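Student: Guided by the hints, dock chain B onto chain A, whose structure is given.
Protein chains: 2
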Amino acid sequence: MIERIGRRTLRFSDPPRLLSAAAAVGQKEGAGPLGAQFDYVARNDRMGQKSWELAESALQRTAIDLALQKGGLTRDRLDLILAGDLLNQCAGSFLASLHAGVPYLGQYGACSTMAQGLALGACLTASGAAQRLLAAASSHFCSAERQYRFPLAYGGQRAPTAQWTATAAGAAVLAAPDAAKSSPLRITHAVFGRMVELGVKDANNMGAAMAPAACDTLAALLADLGAQPRDFDRIVTGDLGRVGADLLLTLLRGEGIDLAPVYADCGVLLFGEGQDTHAGGSGCGCSAAMLCGPLLRELQAGKSRRLVLAGTGAMMSPTTVQQGQPIAGICHAVVIERSGA
Amino acid sequence: MIERIGRRTLRFSDPPRLLSAAAAVGQKEGAGPLGAQFDYVARNDRMGQKSWELAESALQRTAIDLALQKGGLTRDRLDLILAGDLLNQCAGSFLASLHAGVPYLGQYGACSTMAQGLALGACLTASGAAQRLLAAASSHFCSAERQYRFPLAYGGQRAPTAQWTATAAGAAVLAAPDAAKSSPLRITHAVFGRMVELGVKDANNMGAAMAPAACDTLAALLADLGAQPRDFDRIVTGDLGRVGADLLLTLLRGEGIDLAPVYADCGVLLFGEGQDTHAGGSGCGCSAAMLCGPLLRELQAGKSRRLVLAGTGAMMSPTTVQQGQPIAGICHAVVIERSGA
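Protein chains in written order, with the numbering used here: chain A, 99 to 439; chain B, 99 to 439.
Keep in mind the hints are simulated off the structure, nothing from the lab.
Predicted, not measured: the structure shown is a model, and the values here were computed from it.
For each residue, glycine too, the CB sits at the ideal point set by N, CA and C.
Hints may contain errors.
With a cut-off of at most 27 Å between alpha-carbon atoms, the simulated DSS-like pairs for lysine-lysine come out as follows [what the hints assert, rightly or not]: (1) A/Lys299 - B/Lys148; (2) B/Lys148 - B/Lys279; (3) A/Lys148 - B/Lys279; (4) A/Lys279 - A/Lys148; (5) B/Lys168 - B/Lys279; (6) B/Lys168 - B/Lys401.
One-sided and incomplete, this derived list gives chain A residues near chain B with beta-carbon spacing under 7 Å [unchecked claim]: (7) Ile100; (8) Gly104; (9) Val200; (10) Gln421.
Have a look at the derived ranges for each label pair, beta carbon to beta carbon [claimed, not checked]: (11) B/His197 - A/Ala134: 40 to 50 Å; (12) B/Gln421 - A/Ala134: 32 to 42 Å; (13) B/Arg256 - A/Gln398: 54 to 64 Å; (14) A/Glu101 - B/Glu353: 55 to 65 Å; (15) A/Ala129 - B/Val419: 29 to 39 Å; (16) A/Ala134 - B/Gly254: 35 to 45 Å.
In isolation and in its complexed conformation, chain A is listed as follows (with noise of 0.2 Å):
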């Protein structure tokens, strides 16, 4: 069952079974120091199709069908799909799983929606809900690109504080723990995060609107567990970039607490220093690859036990940003775990 324990963590005291993931990217997240642990790289970032709404489908569509396939499932094993993206109406998610015939719930987390779905997800299999869902996210440079910002072909300049949104997407499949008695991965704890406003209003620098959002849940969640940053061999943000990464930094220490030995970012991690990806990457395709790709397989092999993702989300559009609104950030944080030796 779930259970509360301390303000806001939940934790499932039979976990639910992390049974398989995958993630696909693009050329230059390819490119990247991590790109040879994702599981598919696409040769041509328009994957095929006429438009990068549907390239970013695709991408999406191939990362689903990889976990299913590495769990040995079919769509008909599924009872529920969770998925989310940046595009307006979540048009990537939904295109990706149109003919998919599985239960639908599409989820806006902005960059923290790969967190947010298997934060739920691990609710709705601990309780019985479904026996198998799998949780989506995906974002695309180009798609992002010509909404959130220019024309591709115009070739703004970009901000020192401004992020690259990554063509990616990461899928994951949860089951139920009497469904997977034998998988060894498992989420035991989840913190739904709470939108933390501080008055940043500059579209081109999320990490500072986002790393309040991080530091509040990542304090609750440690504060609930009476945990210390080195109980977890790895807590990752996904995506505060390079500035974002330092505030979090920066404001944990005003708590007492020091996240640096076990501190990375998804964002820092996806590109290398010559990429020119500025602050790091973004997207909600950032996190979701990472963690299905480099992190889990990290788990898998036994290099690491215990592992934070706190994915954390700008809530902002285009729209607000024009009527001047501040940007909220938001978190939301899953435990997962290795068992076994």
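Tutor: Leaving out everything else, chain B in the frame of chain A:
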């Protein structure tokens, strides 16, 4: 606990309670046949805000505040808000709860969002993941019109099959069974819908795009329960409009199900004949306000005892329509009962 019965229906053995609810609507909706049954009717659809988007968020916030007030609750008693709307990046909802300080999960189910939030919320409160949570949804004619169609001042002609996006919001507080023992309203069953796409590409005929999904979900619910339509006092879709409602009756008749004696549609109920809304109302706020206003009042007053809300949505965006993609429908259903004599 949550038990799966038949193919797709979830049954809550100790059902979560529907503690309180409120509906807030615009002037035109307030002037409709059920206007007196909404908790709040705006004197001015701009709600004293600088933009239509902020007006929509103010309307949703009004519904949330009234629902809490009617339940004798303050925000800090909520563990979670599940909310969504039609605006890009679900801006109406995140703006409405920006400073609530409550964990927040953005939902995107197009016009089915209220039913999606209630079905998901029922799972979360039934399982212990939340003691109390709030589900909300909204839409606003003026913010939707300029985002999906034309600038308001353009005065574009509307097709006879088109629906009128309601200026409306609804909010409902769900509670775990042990947190609200005395509350007579309970959610006993839920069905998560799958996307059904039969080739409709006309964004001015959403009813036709959504009716097949409503048929899919309602047929599954009735089969799983071994029930007839007459086992319910009302089966209400939200919102197929006149065109979609007729289609649904025809489709279900093809499956040997006569829904007519207990059937109604939120989009048909919301506006009167003389209000020039063509096929009827639509928008996330339409079914949200109809449920949280007139329909729950009927249950509370003992005029009905067992209700199905089958929230229907059309999965499309202006971009996908312009790119020639077909429009899938989706339909999530909840069964709401009043206990006691």
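Student: Determine for every hint whether it applies to the structure shown.
Tutor: Hints, one by one, checked against the model:
no. : hint                            : result
1   : A/Lys299 - B/Lys148             : holds (17 Å)
2   : B/Lys148 - B/Lys279             : violated (43 Å)
3   : A/Lys148 - B/Lys279             : violated (55 Å)
4   : A/Lys279 - A/Lys148             : violated (43 Å)
5   : B/Lys168 - B/Lys279             : holds (17 Å)
6   : B/Lys168 - B/Lys401             : holds (20 Å)
7   : Ile100                          : holds (4 Å)
8   : Gly104                          : violated (13 Å)
9   : Val200                          : holds (6 Å)
10  : Gln421                          : holds (5 Å)
11  : B/His197 - A/Ala134: 40 to 50 Å : holds (44 Å)
12  : B/Gln421 - A/Ala134: 32 to 42 Å : holds (34 Å)
13  : B/Arg256 - A/Gln398: 54 to 64 Å : holds (55 Å)
14  : A/Glu101 - B/Glu353: 55 to 65 Å : violated (43 Å)
15  : A/Ala129 - B/Val419: 29 to 39 Å : holds (35 Å)
16  : A/Ala134 - B/Gly254: 35 to 45 Å : violated (53 Å)
This entry does not satisfy hints 2, 3, 4, 8, 14, 16, going by the numbered hints stated previously.
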